[in-house]
Structures are given as C-alpha cells and as structure tokens.
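Required output: the full structure, derived from the provided sequences and hints.
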Amino acid sequence: MTPISPVLITGLAFEAAPAPADGGEYEPAVGTSREEKEILATLEDKAAAKTASDYQHIVWAYGILWALFAAYGLFLWRRSARLRADVDALRQALDRPPARGGPGA
Amino acid sequence: MLHLARVRLLRQSLLLLRSELRQELRDLELVLTSTFFTLVVLGMFYLSFAALEKKHTLPAVPGLLWLTVAFVGTITLTRAFDREREADTLRALLAAPVERLAIYVAKAGSTLLVLLVCCALLVPGLASMFPAGQVFWDMPLETAALVVLGCLGYVAIGTLFAAGLAGGGGKNMLLAVILYPVTTPVLMFALVTTRALLDKNPNLPSYLGQMAALDVILLGVGALLFEPVLVGAAPARSAQAARQHRREALRAAGRQEPR
Amino acid sequence: MKRKSELVVPLLFLAAAPLVVYSVQRVFLHTPNERTMGTAFKIFFFHVPMGWLCMLMAVISGVAAYVQLRRRSRTAAAVALAAAEVGFLGGLGVMLTGPIWGHATWGTPWTGDARQVTTALLWLVIAAYLLLRHFGQHASERLAAALAIFGAVNVPLIYYAVKLWKTTHPTTGVVAKLPPEMWATFWPGLSALLLVSFGLFAIRARQLVLVGELDDAYVRLEDSRA
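Residue numbers (the UniProt record's numbering), protein chains in the order written: chain A, 1 to 105; chain B, 1 to 259; chain C, 1 to 226.
Hint data in this document are derived by calculation from the structure and do not stem from the laboratory.
Take these hints with a grain of salt, some might be off.
Said to hold, decoys possible - Mimicking BS3-like on lysine-lysine, the simulated pairs with C-alpha atoms at most 25 Å apart in a straight line are:
#, chain 1, residue 1, chain 2, residue 2
1, C, K163, B, K55
2, C, K163, B, K200
3, B, K55, B, K200
4, B, K200, B, K54
This is the structure:
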C-alpha cells in the first residue's frame, strides 16, 4: 500500500538471509509471499464489497414480505365487499330501509 | 369419594375395553388389515432400501420404524372410528351413563393393542432385514419399552382426533392432515430414542424416561380435551348441520332473489 | 359499542404508518452493515419479528380455542381463526425470508437448525388447523379448537425434541448478541409489524363475527316467514 513496504520486505529478506550456520540442516522459512498477500487482499476486498452491496437478497426478502401482507389485505378487502353485498341482500329481503347503520365491515 | 370415582373409571374402562376386544375378536378386521398393511410397508421398505450399506442403515432404521407406525396408526384409527360411525355407536356410547374418560381410555387401549401387534411383526422384520437392526434382538426389553412408549404417545393424540372427526361427521382425508403434524413431537422423541438404542448410548434410560414423561403430558391433554370435543360435537351435530344447510340454501336464494 | 370498536382498526393503522416509514428508513439508511453478513443482515429486522408474530398468534389462537371450547363463544371461535390466519401469514414470511438470508450468509438455504425446524412444524400445525376449519364440516369446529390448543402446547415440545434430534447434527450459531444500535432499529420494526398485523387480525375477526351474525339473521328471517 505504501512505498515503504517493498523496501521493508526486501530489507527483511536481506536481513533474514541467514548466516549459514551449522552445515546443511538449514531450510528456508516458508511464508506468504507478497504476491500471494496482494491476491488475498484483493479477494477479501471483493468479498467485502460483495457482502456490503448484496442488494439482491434484501430486495427479494422485503418484496416477498410486503407482497404477502398486500395479498392478505386484498383478500380481506374482497371478503368485506362480499359481506357488504350479503348485508344489503338481507336488508332488501327484510323490505326495510337501511336506516340504522348495521355492523359495517 | 375421589378414590371411588377412580375405581369406577377404571372398572368402566376395563369393561369397555373388553367389549371392544370381544367385538374385534369376532372378525379380527382391524388386526388383519393393519398387520397386512404393516407387511406391505415393510416389503416396500425392503425393496427400496435393501441395497444400503450398514453404516447408512443405522440412521435409516429408526425412521423406517416410526414412519411405519405413523402409517399403520393412521389407517387403524380411521378404520376403527369408521366402524363406529357406520353403526352410530359412538353417539349411543356418549349418551350412555358412562364416564367419558372411560371411552377415551378404552378406545386408546384397543388401538394401542392393535398397534403393538403390528410392531411385533415390524420390529423383528426390520431387525432381520437391516444389519443395524440387530440391536433390537440384543436388547429386547429396552426395545419393547421403546415401542410401547412410542405407540402410547401416538395413540394418546390419535384417539382424540380420530374420535373428534368421527363424532363430528368429518372427512377421513382430514385425519391424516391433522395427525401427521400433531404427532411429530412424539415421533421425533421416539426417533431420537431409537437412535440412542441403536448407538448403544449409555443415556438410553433417561431418553426412555423423557418419552414416558411426554406420554403422560399427551395422555393428560387428550383426556382433558376428549369430553369438550366430543360432547360438544355430538348433540349439537344434527341441529347445527341442519341450520348450516338451511342457511346456505337461503343465502343462495337471497342473493339471487333481489337482483 | 360498535362505534368504539370500529375506531380500533384505523387507530392501529394510523399508529403503524409513521412507524413503518421510520423503521424502513432506519433499516436501509441509518443502520451500519453487520460486519460478516453485510447487507443481507438487514433481512433480520423483519424476519425475526415475523417469527415472533407467528408464535404469538399461535398462542393467541390456542387460548381463544380453549375459551371457545369452554364457553361455546362465537367471538372466541372467530378470534382463533383470525389469529391462525395471521399466524400462518407470519410463518410463511419467516419460512420464505429465512432461506433467502441463509443463502446469503451461510451459503445454504436450510441448515436444519432447531428454530427452523420448530417454526416449520408449527406452521404445518397452523396449516392443518386452517384446512380443518375451512373444509371440515360444521361440527368439526370443536375438533379444530382441540387442534389449535395442541398446536400451542406443541411449540415447546417440538423445540425440545428438535434440540435432542440435533445432537447428531452440526449446529449453527444464530445471532446472539447485537450492538445497541441494531436493537434501536429492531424495536420500531417489530412494533410496526405488530400494529399492522393486529389491525388485519381485528378486521378478520370482525368479519368472521359478522358472518356468524348474518347466518343467524338469515335463519331468523326464514323462521319468521315460515
């Protein structure tokens, strides 16, 4: 990220380049190379960006929830319309003017 | 007082149970159809799962056992109460001076006996078909306790709902619709306990104890609800049904008349 | 009496309206993203209240069914059915949004977690109750009441059974601790949802009572003419 780090790393590499001590048994340390770290960082950034802008799931979830409630509301509305028709039919059958407001839905 | 009532309840239950059994022994209808159905299901399971390796049969065997119990229980209960409905005996029984609880106990008892007869075929069948079922042979007492407790819990709920449907003149198709969701807890407990048995889990006694506790709860709720469900349904049935029909006809006419 | 009860529903919706707006803008604009789950976590704010709604309505339905059995009350029967319908709706919401959230965060829509299975089974019982009330003959109403009571009793039993059953399966950690600003978003959403659902519930219950009264009126009309 900063221009310091390559220097630092090469410096470390020089520093770490060992004075060959006792014969033959030395093995170089194995770690994450700079390239690997960069790849990892970009992948992590990508993943983070993806979870932070994952709108697809939310839109689906909230869309479904609100659609459910809207559907139930519509169902109730149609029911009450039918009930009102029934009440009116009853009033006509009774041959009585609808003076008193009945229990409206 | 309380003691006397309890003795009377017990005596009446035994009397009713005996009459149920006598009626069953006359033609063996329930036992024969249910055991035959058990064998058919067992055969189908064998054809479907014979090729499974042993390690795969281990989790499968408990499921097969309790699924079969659920299937057989449903058809047994359906048939048992169909018979009541055909002869309209349930209403006569409810009108008789018998404790309602005794009717519940007797019905549950006879259904439990039929289910246990089926299990007497089912468990050895599974044990010989699938290598994992070998444990059933090795631990016969525990197996018997498990089967009795599981079937008891199933019957405790099943009798209530089957009787309610028969008394209310409901439809048979609905029994399966109700029974499977409602009996899930018992069947799940039974499933877990069977799994513990097959695994030779040292905690098996505590699992069995939990099942016994569940049975007590279910029997309690079943006994508590039996009377309000049945007695409410039976006498009101004809009047309410007649009103319903009349109302529907009227409303159909009323809706067309004015327009 | 009628006048007062008619005011309840508009009041509920009136109270819910600003809360809905407030909670939605809070959820989408003012709540920081959860660290590991990102935006998908925002599903939580309406998913969990839906689950609670489902459970609450199941309990209300069970209690009303008990009253119905004891007192033969028509109002209780109407309340039980209305509560079951709204509970069914809530359960459906949970069951549909749950897999969406699970897909986004766990990578799999269904983990067999104890809460998932419990909710699914409870939802099945509610569905069975609705089937029985709609397709059972008139006299099976009391049986349906028994079913509703059983449904309510079953909830803890099923939860315990599923937990036992899960001992042989891997468990998934569900959100346990939330920072306070998340809760501050959660409560308005919950209240908004509850207000709206109670409004719908009240409408439905009144409709059902009205259906009963209409039936009576028609029968009385027939009696008077006969």
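Structure-based check of each hint:
no.: 1; hint: K163/C to K55/B; verdict: holds, 23 Å
no.: 2; hint: K163/C to K200/B; verdict: holds, 20 Å
no.: 3; hint: K55/B to K200/B; verdict: holds, 15 Å
no.: 4; hint: K200/B to K54/B; verdict: holds, 16 Å
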